[in-house]
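Undergrad: If you want the building blocks of each chain, they are given just below.
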Amino acid sequence: MDTRGSGRRSARITSALVSVGGLVVAMVTGAGLWLGHEQASTSTSSDTSTSSSSSSDSSSSESSSSADTSTDSSTQPTDSGTSDSDTGVSQGTTGGTSDTTTTGS
Amino acid sequence: MRAATDWDLWTTTARVVLDHRDRRHLAAAESCVRQVTSAVDAACSRFRDDSELTARADDLVRGTEVSPLLAALVHQALDAARLSDGDVDPTLGRRMVSLGYDAAFADARPVPSPEALSRALDDRPAWQRILLSGTFLRIPEGVTLDLGATAKAAAADMAAASITARLGIGALVSLGGDVATAGPDPSGGWQVRVADFEGDPVDHVRIASGWSVATSSTQKRRWEQDGTARHHILDPRWGLPAEPVWRTVTVVAPSCTTANTMTTAAVVRGRTAAEWLRQSGRAARLVAADGTVVRLGGWPDDQGTDGQRADDDRSAVA
Chain P
1 MDTRGSGRRS
11 ARITSALVSV
21 GGLVVAMVTG
31 AGLWLGHEQA
41 STSTSSDTST
51 SSSSSSDSSS
61 SESSSSADTS
71 TDSSTQPTDS
81 GTSDSDTGVS
91 QGTTGGTSDT
101 TTTGS
Chain S
1 MRAATDWDLW
11 TTTARVVLDH
21 RDRRHLAAAE
31 SCVRQVTSAV
41 DAACSRFRDD
51 SELTARADDL
61 VRGTEVSPLL
71 AALVHQALDA
81 ARLSDGDVDP
91 TLGRRMVSLG
101 YDAAFADARP
111 VPSPEALSRA
121 LDDRPAWQRI
131 LLSGTFLRIP
141 EGVTLDLGAT
151 AKAAAADMAA
161 ASITARLGIG
171 ALVSLGGDVA
181 TAGPDPSGGW
191 QVRVADFEGD
201 PVDHVRIASG
211 WSVATSSTQK
221 RRWEQDGTAR
231 HHILDPRWGL
241 PAEPVWRTVT
251 VVAPSCTTAN
261 TMTTAAVVRG
271 RTAAEWLRQS
281 GRAARLVAAD
291 GTVVRLGGWP
301 DDQGTDGQRA
311 DDDRSAVA
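The listed protein sequences derive, respectively, from chains P and S.
Number 52 in the numbering used here belongs to position 52 of the first sequence; there are no gaps in the numbering.
Number 283 in the numbering used here belongs to position 283 of the second sequence; there are no gaps in the numbering.
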């Protein structure tokens, strides 16, 4: 029995299926990569906005409680600029009460 | 607004500061600091006979397992020695005692003979012969560890981190001027005044949360021996107090231990300190013996009327 004819047809079908399958995989993978990239971008911007909201919250002020046994020093929060992320230090508020003094010991 | 409390510690002052919104945690925060400093003191104080470092001195010569805390403190001291090329040397404890720096600042013994001094010189750098592997520690015979240069700063780092870890709040911890912060910024940021004595130049800076600042001074912890003024920062090359080129050096760094290492090394390095600090990229402030102020590495320049400017003198000093 000659089976070569059916064999060739089978190979062509298989080849076509592989090609189509590869295209589908490439599309899905590409879409996944694209979505993943978007996801990563989204989380980055989310981190940034968290940081922003944290610093904006620092402008609030509360009154002192007489129940405190501690010493409350009244620092006047002023807009003294953001801290330099590279050096960890920025201009302080002159004239206001400091949280502490660094002095040689 | 802030909630703060102070108490005497190690012949200086401990201070913990919280944002006013966290004031209900102040007692717990103080407890954190006290626990950390007590543990550090018990591990490495050379003024206590019962500290682990003192009580186990004989074992340490043979080599022995020590507590994780002592191992960590020695590790940081050796890191400081490496970072400063030996200028911050933890093996000068015996030399410090021979110069009369003990707990009471009293009964200063005479300066040792040149022969004794040269023998001590032959021993250095002893810090490189300390063996620390995990918690196994061996100290060369005749060497007395003095972790004072780094342990206080390390305690400030640990205490601030402990408060944030346990209570989930931001905190500033100051141990005798070694200032560490951790956790969220308070309202207005951490405001730190940089000064030594009354009448000295003053700067006001804001320290970013998670950063630290330390100051070393040749004006504090001074005593007299045979009519000669001494201070507590020794130059390892000579085993004598470093030449007081600088009254104070202040550095901002991600950890208080690093900041303290750099300020101590800068005092030891004297005239070459400014250039070394400039190359490190750290924000630093140096006050020369004559009161001239040098600001480096992004240290805020605009200090108003009570901070002296020294732009013209920078190149000369560096």
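You may find that some hints are simply not true.
As the list claims (entries may be wrong) - Some chain S residues close to chain P (C-beta under 7 Å, calculated; not the full set):
(1) V17
(2) R34
(3) L78
(4) R82
(5) S84
(6) R166
(7) I169
(8) V194
(9) A208
(10) W211
(11) T215
(12) V245
(13) T248
(14) R271
As the list claims (entries may be wrong) - Every beta carbon over 10 Å from chain P, so not counted as near; a handful from chain S, in silico:
(15) S67
(16) A195
(17) S217
(18) V252
Claimed, not checked - Quick list of the computed label-pair ranges, beta carbon to beta carbon:
(19) P:T97 to S:G142: 29 to 37 Å
(20) P:T97 to S:R34: 45 to 53 Å
(21) S:G168 to P:D86: 41 to 49 Å
No lab work stands behind these hints: they were computed from the structure.
Keep in mind it's a predicted model, so treat the numbers as computed, not measured.
Just so you know, even glycine gets a beta-carbon here, dropped at the ideal spot from N, CA and C.
Undergrad: State for each hint whether it applies.
TA: Now for the hints, and whether the structure bears them out:
1. Annotation: V17 (chain S) was flagged as interfacial toward chain P, and the flag holds, the nearest CB pair being 5 Å apart, inside 7 Å.
2. Checking R34 (chain S) against chain P by beta carbon gives a least distance of about 15 Å; that is not within 7 Å, so the hint is violated.
3. Using the Cβ-Cβ criterion of 7 Å, the hint placing L78 (chain S) at the interface with chain P is not satisfied: the shortest such distance is roughly 22 Å.
4. Because the smallest distance between the Cβ of R82 (chain S) and any Cβ of chain P comes to about 22 Å, over 7 Å, the interface hint for this residue is violated.
5. Annotation: S84 (chain S) was flagged as interfacial toward chain P, and the flag is violated, the nearest CB pair being 17 Å apart, outside 7 Å.
6. Because the closest C-beta pair between R166 (chain S) and chain P is about 18 Å apart, greater than 7 Å, the hint is violated.
7. Using the Cβ-Cβ criterion of 7 Å, the hint placing I169 (chain S) at the interface with chain P is not satisfied: the shortest such distance is roughly 13 Å.
8. Below 7 Å, beta-carbon pairs count as interface contacts, and V194 (chain S) has one with chain P at about 6 Å; its hint therefore holds.
9. Residue-level restraint check for A208 (chain S) holds (minimum Cβ-Cβ distance to chain P is 3 Å; threshold 7 Å).
10. With a least beta-carbon distance of about 3 Å to chain P, the hint placing W211 (chain S) at the interface is held under the 7 Å criterion.
11. Nearest Cβ of chain P to the Cβ of T215 (chain S): about 5 Å, under the 7 Å cut. The hint holds.
12. Restraint check, V245 (chain S) versus chain P: the minimum CB separation of about 14 Å is more than 7 Å; hint violated.
13. Proximity of T248 (chain S) to chain P holds as hinted, the smallest CB-CB distance being about 5 Å (cut-off 7 Å).
14. Restraint check, R271 (chain S) versus chain P: the minimum CB separation of about 19 Å is more than 7 Å; hint violated.
15. For S67 (chain S), the shortest C-beta to C-beta distance to chain P comes to about 26 Å, beyond the 10 Å cut-off, and the non-interface label holds.
16. Residue-level check failed: A195 (chain S) sits 6 Å from the nearest beta carbon of chain P, not beyond 10 Å.
17. Not every C-beta of chain P lies more than 10 Å from that of S217 (chain S), the closest at about 2 Å, which undercuts listing it as non-interface.
18. The beta carbon of V252 (chain S) sits about 4 Å from the closest Cβ of chain P, which is not more than 10 Å, so the claim that it is off the interface is violated.
19. Between T97 (chain P) and G142 (chain S) the beta carbons are some 49 Å apart, a value that contradicts the proposed interval 29 to 37 Å.
20. In this structure the hint that T97 (chain P) and R34 (chain S) lie 45 to 53 Å apart at CB is violated, the actual value being about 25 Å.
21. For G168 (chain S) and D86 (chain P), the Cβ-Cβ distance of about 27 Å falls outside the hinted range of 41 to 49 Å, so the restraint is violated.
Going through the hint list in order, the structure does not satisfy hints 2, 3, 4, 5, 6, 7, 12, 14, 16, 17, 18, 19, 20, 21.
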